[in-house]
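Listed here are the chains, written in short residue letters.
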Amino acid sequence: MNKTARVALVALLCVGAAACSKKQEVKPQQAPEQAPVTQPAPETGKYTPADLDTDACLRQRVVYFDFDKDEIKPEFQQIMACHAKYLQDRPMAQIRLEGNTDERGTREYNLGLGERRGNAVSSALQANGGSASQLNVVSYGKEKPVCREHNEDCWSKNRRVEIIYTAK
Amino acid sequence: MIKPMRRNRPLFALLLLCLAAFVAGPAAGQALNVQITGGLKTATPIAVVPFAQTGAPLPTDVAEVMRNDFNRSGKFRSLAKSEIVETPSRGAEIKFATWRLLKQDYIVVGRVNDAGNGMVQVQYELWDVNKQQSLLNQAMPPAPVGDLRGVAHQIADAIYEKITGVRGAFWTRIAYITAVGLGNNTTYSLIVADSDGYNPQVVAKSRESLLSPAWSPDGRKIAYVSFESGNSQIYVQDITTGSRQLVASHPRGINGAPAWSPDGRKLALALSYVGNPEIFVLDLASRQETRLTNSLSIDTEPVWSPDGQGIYFTSDRSGRPQIYQMPAGGGAPTRVSFQGQNNANASVSYDGKQIAMVQGNGNVYRIAVMDLSLGGQVRYLSPGPIDESPSFAPNASMLLYAATEGRRGVLYAVSADGMVRQRLVLSDGDVREPAWGPYRQR
Chain A
1 MNKTARVALV
11 ALLCVGAAAC
21 SKKQEVKPQQ
31 APEQAPVTQP
41 APETGKYTPA
51 DLDTDACLRQ
61 RVVYFDFDKD
71 EIKPEFQQIM
81 ACHAKYLQDR
91 PMAQIRLEGN
101 TDERGTREYN
111 LGLGERRGNA
121 VSSALQANGG
131 SASQLNVVSY
141 GKEKPVCREH
151 NEDCWSKNRR
161 VEIIYTAK
Chain B
1 MIKPMRRNRP
11 LFALLLLCLA
21 AFVAGPAAGQ
31 ALNVQITGGL
41 KTATPIAVVP
51 FAQTGAPLPT
61 DVAEVMRNDF
71 NRSGKFRSLA
81 KSEIVETPSR
91 GAEIKFATWR
101 LLKQDYIVVG
111 RVNDAGNGMV
121 QVQYELWDVN
131 KQQSLLNQAM
141 PPAPVGDLRG
151 VAHQIADAIY
161 EKITGVRGAF
171 WTRIAYITAV
181 GLGNNTTYSL
191 IVADSDGYNP
201 QVVAKSRESL
211 LSPAWSPDGR
221 KIAYVSFESG
231 NSQIYVQDIT
241 TGSRQLVASH
251 PRGINGAPAW
261 SPDGRKLALA
271 LSYVGNPEIF
281 VLDLASRQET
291 RLTNSLSIDT
301 EPVWSPDGQG
311 IYFTSDRSGR
321 PQIYQMPAGG
331 GAPTRVSFQG
341 QNNANASVSY
351 DGKQIAMVQG
361 NGNVYRIAVM
371 DLSLGGQVRY
381 LSPGPIDESP
391 SFAPNASMLL
401 YAATEGRRGV
411 LYAVSADGMV
421 RQRLVLSDGD
431 VREPAWGPYR
441 QR
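Taken in sequence, the protein lines are chains A and B. Sequential numbering of the first sequence, starting at 1, is according to full-length UniProt numbering. Sequential numbering of the second sequence, starting at 1, is according to full-length UniProt numbering.
Covered stretches of chain B, going by a simulated chain A footprint (3 or more residues, C-beta under 8 Å):
1. 225 to 236
2. 354 to 366
3. 382 to 396
Within a straight-line C-alpha distance of at most 25 Å, the following computed DMTMM-like cross-link-like pairs (lysine to aspartate or glutamate) qualify:
4. B:K131 x B:E86
5. B:K205 x B:E228
6. B:K205 x B:D430
7. A:K144 x B:D430
8. A:K144 x A:E75
9. A:K69 x A:E152
10. B:K162 x B:D128
11. A:K144 x B:E208
12. B:K103 x B:E93
13. A:K144 x B:E405
14. A:K46 x A:D89
15. A:K144 x B:E228
To be clear, the hints were calculated from the coordinates, so they are not data collected in a lab. Yeah, the Cβ is synthetic: ideal placement off N, Cα and C, and Gly gets one too.
This is chain A alone, in the form it adopts within the complex:
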């Protein structure tokens, strides 16, 4: 194989690999429409770190938003309640709320919008009993999309706040 052919081969293979990896990337880590929570947060007894991996409610750590909105939709209230309870049960626990937006609008404006969403989740967790000292909001705006298609299906997956436990 001459040099040109080899370079071309590498280029083609790269394109192929990139296409494959992009397809995988498109798969949402979690569907925007939340599955009904079958296992309610325990009313008695306290959460332990193990529950973060096993509790059906606590395992849900993404809150999705409507376009240009920062209101917490009713279907996410239960998630707010269980994570707030975890914060109450585990006073040393810390959460970083990462606010994200879809690609529409400018980067700096979207930093503001992502922060609004992070603040909305922070307020909801505090309203449910979490402490402000356990919550830290960071906005990435449109810098960290989970989906890169230019359509509403994709945009709805990117308009999100991710709940990240930095201390359990």
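With chain A held as given, fit chain B onto it using these hints.
What follows is chain B alone, placed relative to chain A:
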């Protein structure tokens, strides 16, 4: 090629190859691919004859660099090299009848002389074809062979100014951000390149997002936002020495949207440690921050008026983002943009008469320019659907902006009348956040 493609190779080896190819992208110093998408019939025809040369073969075709500059400007239409049938290198050798027949208004001839020790000296002449009159006859200072592109841009600037009366802005630099690689392996780079995209140099590199590069008025420093610490922070970096200072790093909230005051002493910023993004002015010497806005809305993307008296910014205090203006010392903002569902990210021309912005209508975001000297009349420079980051050239003859094509970001240079657009594409990766630098100092 079908046969080798069917060979089954381990995927990770492939990814390594790809990664190597991607990472090599900007660092390899390859040029941006250029492409004219429109044309202007009324542009002035000019013939730039290949320059004669002595000594070793040169790495740069000086005339070709100038032809591309002229074409990109929208003001000129340069004769294609293939149609240049005679190659005079000084005025006395020009047969004007030939160039009149080719319908050229102006002709440029010149020569590159070997000045020894890797230096060259370029001489050029600009002639009016119809009047058979010499307009310029200059010898450039000797320059290293490696700087020939810069010399060519300076000659193009002198010719542009001689014919149009407006200072040329070809010998300028641009800054932009690239994102190379996939997912968590993405590397972000702040790049500085010539105005035509050549000679890209990496100024800063990070595994986390970089955004909002802003040139200091003297062209020596760039302020930018980096997420390398996990949250947004603002750095000011000297592009020659690479030394940098952290100038805004409130642990809570956004540290974003830096914009230099015209005197280079202050940065306007968007900071949200107070609860929501507000416009502040940071005095770089004293590090004192002065808050200018006070609303519950998102106030961001400040930019100074050229006289330093006012600041334009984006605010959604009316519901959707719009452009507002306020005194640079603080005071009641007034709304500036009224056309379109939303407007953001203003760039102001050097004379303060034109404001470029991103205008969104539905899901279409285009670059719009509002002309304050024409009662706020708006014209559109780009087709959308996801165009952003407009940035005026220092002479306002052109703008840079970012567009999205498929999954990648690309940069466009567009003439201020919107008639000529040229794509600047890195062969790999995602390009965004262009910022056109000031005039260079000789």
